[in-house]
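On the provided structure of chain H, position chains C, D and Y as indicated by the hints.
Protein chains in written order, with my numbering: chain H, 648 to 728; chain C, 648 to 728; chain D, 85 to 217; chain Y, 85 to 217.
Don't take every hint at face value.
Just the calculated beta-carbon pair ranges, DEER-fashion [as the list claims (entries may be wrong)]:
(1) Asp-125(Y) - Asp-93(D): 40 to 50 Å
(2) Asp-211(D) - Ala-689(H): 42 to 52 Å
(3) Ala-153(Y) - Pro-664(H): 45 to 55 Å
(4) Pro-107(Y) - Pro-664(C): 29 to 39 Å
(5) Asp-125(Y) - Thr-665(H): 33 to 43 Å
(6) Ala-689(H) - Ala-145(Y): 16 to 26 Å
(7) Thr-123(D) - Glu-708(H): 28 to 38 Å
(8) Glu-712(H) - Lys-146(D): 16 to 26 Å
(9) His-199(D) - Asp-106(Y): 23 to 33 Å
Below, a list of computed lysine-lysine pairs in the DSS-like style, where the Cα atoms sit at most 27 Å apart [said to hold, decoys possible]:
(10) Lys-146(Y) - Lys-653(C)
(11) Lys-188(D) - Lys-188(Y)
(12) Lys-103(D) - Lys-146(Y)
(13) Lys-198(Y) - Lys-653(C)
(14) Lys-212(Y) - Lys-188(D)
(15) Lys-653(H) - Lys-130(D)
(16) Lys-188(D) - Lys-146(Y)
Simulated from the structure, these hints should not be mistaken for lab results. Glycine residues also receive a C-beta, built at the ideal position from the N, C-alpha and C atoms.
So the chains spell out like this:
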Amino acid sequence: MQITIKLFAFLQDQLGPTVTVELDSPVTVEKIFSAVAKQSLAIKAVLENSRLAVNQEFVSENELEITPTDEIAIIPPVSGG
Amino acid sequence: MQITIKLFAFLQDQLGPTVTVELDSPVTVEKIFSAVAKQSLAIKAVLENSRLAVNQEFVSENELEITPTDEIAIIPPVSGG
Amino acid sequence: MHYIRISDDPINIAPLYRKLVDPRYGGIDIFVGTVRQWTGDIETRKITYSAYQSMAERQLAKIAAPIEAQGGRVVIAHRTGTLNLTDIAVFVGVAAVHRAEAFKWCQQVIDTLKHEVPIWKKEYDTDKVRWGN
Amino acid sequence: MHYIRISDDPINIAPLYRKLVDPRYGGIDIFVGTVRQWTGDIETRKITYSAYQSMAERQLAKIAAPIEAQGGRVVIAHRTGTLNLTDIAVFVGVAAVHRAEAFKWCQQVIDTLKHEVPIWKKEYDTDKVRWGN
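So that you can see chain H by itself, here it is in the shape it has in the complex (with noise of 0.2 Å):
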């Protein structure tokens, strides 16, 4: 399946607000880091150290049960306050 995965920070800056990838089901956290992490050699550190986040919550599971409405988002290392 087609996923779009929303992008901050370093990452946005490297590739975009956003990437889609194709991936197998069932869709898992490690494929879709590996598909990212295909798309530029710059992200490798700040991805190994990135979370996935799944309607705006970090999740700990590596297989996951997307539906194409899900909002899907790599989280660097945050900064904030």
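Showing chains C, D and Y alone in chain H's frame:
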């Protein structure tokens, strides 16, 4: 010697802003509290929890070297903040 | 009820303080984070904050909820956009019946915010541009 | 340099906050103590604060000195006179390079103030008048 003592809060409500007492040398904290205690029965409990200040510093020693220009005060339990 | 705002508008202390005032409370603790000039040898000129705004507001509401459930009140404002030296990046205010809770909860909010809330800074330092710390 | 004020004038947050702002600092913690209505079953109507003003200012300066010596900035204001519900009795603000110090020092100031500074409250409660707590 004659000593004038500043009073505050409940003690001031009971006895006014100062009391003057006559004490033998050497002047001690105990003598000051005893002399003030004689002024009113109502202040006994508060006086037992009060501290003495000389020139705006709390004193811990009992024996005092007081000169006529020193500022003596009895500090009841504080409750600012 | 908590108040949470992530916005490009400058943060003003006084109106946020007023949201914390209530005869129920005796202690209010406020943390204000500002743009600092020096971090060791690195000199900062300005900082741009960006946020995943909807998620950030949702995460902040989750941080505020248990404090409000215990009777406190939480007010959080975070800037986005470009900030200069001494500008306020974040305001966290917590009102409580007693001061010990106000301090504890305020610290809890800002500590959790710094780890769990999707907001990012891009620092324009005199030597180069840095993401994060 | 620290700022300390004990006065009958109402306490306003904004001008006191401005005294804490400096590009050296990144974290400001402010504690505000207000007049609370209920303490258990006791309902407070108003509070009158009085002070041994010269000694209170001297004691507050002694509390601020070691914090300022370590690079922080301390701003303290305490009301005297009659305060109604929600009025500000005390403002303690500490600015520091990092937030952990700001929180620690601010708490240290208010804790010490409550034990060592000659200021007293006379509470006008609905049942009777009480000195202190």
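Consistency of the hints with the structure:
1. Between Asp-125(Y) and Asp-93(D), the C-beta spacing of about 43 Å keeps the proposed range 40 to 50 Å intact.
2. The supplied range of 42 to 52 Å is broken by Asp-211(D) and Ala-689(H), whose beta-carbon atoms lie about 20 Å from each other.
3. Ala-153(Y) and Pro-664(H) have their C-beta atoms about 49 Å apart, which keeps the hinted 45 to 55 Å range intact.
4. The hinted window of 29 to 39 Å between Pro-107(Y) and Pro-664(C) is violated, with their beta carbons roughly 46 Å apart.
5. In this structure the hint that Asp-125(Y) and Thr-665(H) lie 33 to 43 Å apart at CB is violated, the actual value being about 59 Å.
6. Between Ala-689(H) and Ala-145(Y), the C-beta spacing of about 54 Å breaks the proposed range 16 to 26 Å.
7. In this structure the hint that Thr-123(D) and Glu-708(H) lie 28 to 38 Å apart at CB holds, the actual value being about 37 Å.
8. Taking the beta carbon of each, Glu-712(H) and Lys-146(D) are about 22 Å apart, inside 16 to 26 Å as hinted.
9. His-199(D) and Asp-106(Y) have their C-beta atoms about 27 Å apart, which keeps the hinted 23 to 33 Å range intact.
10. For the given pair, Lys-146(Y) sits about 22 Å from Lys-653(C) by alpha-carbon distance, which is consistent with the 27 Å threshold.
11. Among the hinted pairs, Lys-188(D) with Lys-188(Y) is consistent with the structure: their alpha-carbon atoms are about 11 Å apart, no more than 27 Å.
12. Of the pairs offered as hints, the one joining Lys-103(D) and Lys-146(Y) is violated, with about 33 Å between alpha carbons and a cut-off of 27 Å exceeded.
13. Using a Cα cut-off of 27 Å, the hinted pair Lys-198(Y) and Lys-653(C) holds, with the two alpha carbons roughly 21 Å apart.
14. Pair hint Lys-212(Y) plus Lys-188(D) does not hold up; C-alpha atoms about 33 Å apart against a cutoff of 27 Å.
15. Proximity of Lys-653(H) to Lys-130(D) is assessed by CA-CA distance (about 26 Å); at most 27 Å being required, the pair is judged to hold.
16. At roughly 26 Å between alpha-carbon atoms, Lys-188(D) and Lys-146(Y) fall within 27 Å of each other, so this suggested pair holds.
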